[in-house]
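Undergrad: Generate the whole structure from the sequences, applying the supplied hints.
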Amino acid sequence: MTTFEIVMKYLGILMSLIYVTAGITVLFRSRELFNIPQPFIVPLGIGLMSYGLFRGYRLYQKYFKKPS
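Position 42 (the sequence shown) corresponds to 43 in this note's numbering; numbering is contiguous.
There's no promise every hint is true.
Stated by the list, open to error - Simulated pairs of lysine-lysine, DSSO-like, Cα-Cα distance not exceeding 27 Å:
1) Lys10 x Lys67
2) Lys66 x Lys10
3) Lys10 x Lys63
Hint data in this document are derived by calculation from the structure and do not stem from the laboratory.
TA: Okay, structure coming up:
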């Protein structure tokens with residue numbers, strides 16, 4: 002594995018965690034931290050969390066799953 006691939010792996014892990022954390026933050030703290038209208042809070046939070054989980058799943062498949 003090259004240095005570039007290692008950096009991209011850890012950057013991908015970091016971004017997955019950031020998306021999931023941002024989704025949780027939007028769901029539970031958006032009224033205090035952001036000025037997001039009420040109808041958009043749940044879809045935005047769930048969308049961010051889903052995208053973070055999707056990125057994490059793709060990273061797992063690419064870097065951590067053993068080839069069969």
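Undergrad: For each hint, tell me whether it holds in the structure or not.
TA: So, going through the hints one by one against the coordinates:
1. Between Lys10 and Lys67 the CA atoms are separated by roughly 16 Å; this keeps the pair inside 27 Å, and the hint holds.
2. Proposed proximity of Lys66 and Lys10 is supported: the alpha carbons are some 13 Å apart, at most 27 Å.
3. At most 27 Å may separate the alpha-carbon atoms for a hinted pair to count; Lys10 and Lys63 meet this at roughly 9 Å.
Against the hints set out earlier in the document, no violation occurs for any number.
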